[in-house]
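Novice: Listed here are the chains, written in short residue letters.
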Amino acid sequence: MNISWYIVLSALLFTIGAIGILIRRSPMVILLCLELMLNAANLALVAFSREVGNAQGQVFALVVMVIAACEVVVGLGLIVAIFRRKLPLDVDDLRELRG
Amino acid sequence: MEAVLFFLAAIGATGGAIGVVALRNPFYSVLALVAHLFSLAVLFLLLTSAFVAAAQVVVYAGAVMVLYVFVVAYVGSDHEPMLDPIPGQRLFAGLLAFFLFVEVSAAVLSSALKALGTHGPDVPAGFGDPAAIGTLLLEKFLLPFEASSILLLIAAVGAIVLASRKRNGEAGGDQRNGRQVGAQTPSVGAPR
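Line by line, the protein sequences are chains V and G.
For the first sequence, our numbering assigns the number 99 to the last residue and increments by one with no breaks.
For the second sequence, our numbering assigns the number 1192 to the last residue and increments by one with no breaks.
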């Protein structure tokens, strides 16, 4: 398979994640869509790494995975904190970032 | 054979992604994301990056998704309203996403990267296996490796601090936390 197939698939997955962030309202699903976009970027990184025949791009993909794990941990902590305070889990109702 | 595997994995990845966006129940969205991640691992294997594929399955589908499942089970799956509160939001989101896709694809496919139309150069047998990636991580990328470990530690501590604040307030720090909670609950009103 040509590398460009992988790149176009990565663009498609990134676009689907962007749609999800634009139309969904639950913060949890928005986090999931962020994961989709990060994974699309990972696929592009690994495909480019294969294209130049150099494994350094795969190290980039691993670092992106670490960043995604950190983002998930902090995001889910925020969601649990919001839930404990009995605030609505809806990004339209969460207008104030205070306390 | 490779083309068949690629298209199967691509269909799985795209279907999983659409499932994440379209399913109403967050629990099913998480399961769709697990399917998506397994398909991506197959794609990584096709690109001869065995270690990234293994890390994808073990770390993502194994650990991160379990965390998601626990939080969804804890928070409960609220159903979102079907109608969009902002009129025409879906239409504009779809249009914007379509243009984004066209733009990214055009930018990549019209680039001067000649090797994009090929399968890539021939690589040695150990390309992308754990030994090669480990050598790179511990020799060339040692500083980013250590920095990412510190980042993970900070994120874990931050998550504990974020998620446990309310429980401290209930355990006896009510006076200390009272002003904060009291000032904030009336502004929310209805959900209580």
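Possibly wrong hints are sitting among the right ones.
DEER-style ranges, computed between Cβ atoms [to be verified]: (1) ALA1003(G) with ARG85(V): 47 to 55 Å; (2) ASP1122(G) with ARG95(V): 26 to 34 Å; (3) LYS86(V) with GLY1094(G): 44 to 52 Å; (4) GLY1015(G) with ASP92(V): 43 to 51 Å; (5) ALA1107(G) with ASP92(V): 48 to 56 Å; (6) ASN1025(G) with LYS86(V): 36 to 44 Å; (7) VAL91(V) with LEU1005(G): 21 to 29 Å; (8) LYS86(V) with ILE1160(G): 37 to 45 Å; (9) GLY53(V) with LEU1096(G): 17 to 25 Å; (10) LEU1023(G) with LYS86(V): 46 to 54 Å; (11) ALA1107(G) with VAL91(V): 46 to 54 Å.
Selected chain V positions facing chain G (Cβ under 8 Å, derived; list incomplete) [as the list claims (entries may be wrong)]: (12) TYR6; (13) VAL64; (14) CYS70.
These aren't lab readings, by the way, just hints derived from the structure by calculation.
From the three backbone atoms N, C-alpha and C, an ideal C-beta is built for every residue, glycine too.
Novice: Look at each hint and say if it fits the structure.
Specialist: Evaluation of the provided hints:
Here the CB-CB span from ALA1003(G) to ARG85(V) is close to 52 Å, well matched to the stated 47 to 55 Å. As the Cβ distance of ASP1122(G) to ARG95(V) is approximately 56 Å, the hint placing it in 26 to 34 Å is violated. For the pair LYS86(V) and GLY1094(G), the beta carbons lie near 34 Å from each other, so the given range of 44 to 52 Å is not met. Taking the beta carbon of each, GLY1015(G) and ASP92(V) are about 28 Å apart, not inside 43 to 51 Å as hinted.
Hint check: ALA1107(G) to ASP92(V), Cβ distance near 33 Å, so the stated range 48 to 56 Å is violated. Checked against the given bound of 36 to 44 Å, the beta carbons of ASN1025(G) and LYS86(V), roughly 21 Å apart, lie outside it. A beta carbon spacing of about 38 Å between VAL91(V) and LEU1005(G) contradicts the range 21 to 29 Å that was offered as a hint. Checked against the given bound of 37 to 45 Å, the beta carbons of LYS86(V) and ILE1160(G), roughly 21 Å apart, lie outside it.
Remark: the range hint 17 to 25 Å for GLY53(V) to LEU1096(G) is contradicted by a beta-carbon distance near 36 Å. The beta-carbon spacing between LEU1023(G) and LYS86(V), approximately 26 Å, falls outside the hinted interval of 46 to 54 Å. The hinted range of 46 to 54 Å is not satisfied by ALA1107(G) and VAL91(V), whose Cβ atoms lie roughly 30 Å apart. A distance limit of 8 Å between C-beta atoms decides the matter here; for TYR6(V) the minimum to chain G is near 7 Å, and the interface restraint holds.
Of the supplied interface hints, the one on VAL64(V) is violated, with its beta-carbon coming no nearer than about 10 Å to a beta-carbon of chain G, more than 8 Å. Interface restraint check for CYS70(V): the shortest CB-CB distance to chain G comes to about 4 Å, inside 8 Å, so the restraint holds.
Violated hints for the displayed structure, listed by number in ascending order: 2, 3, 4, 5, 6, 7, 8, 9, 10, 11, 13.
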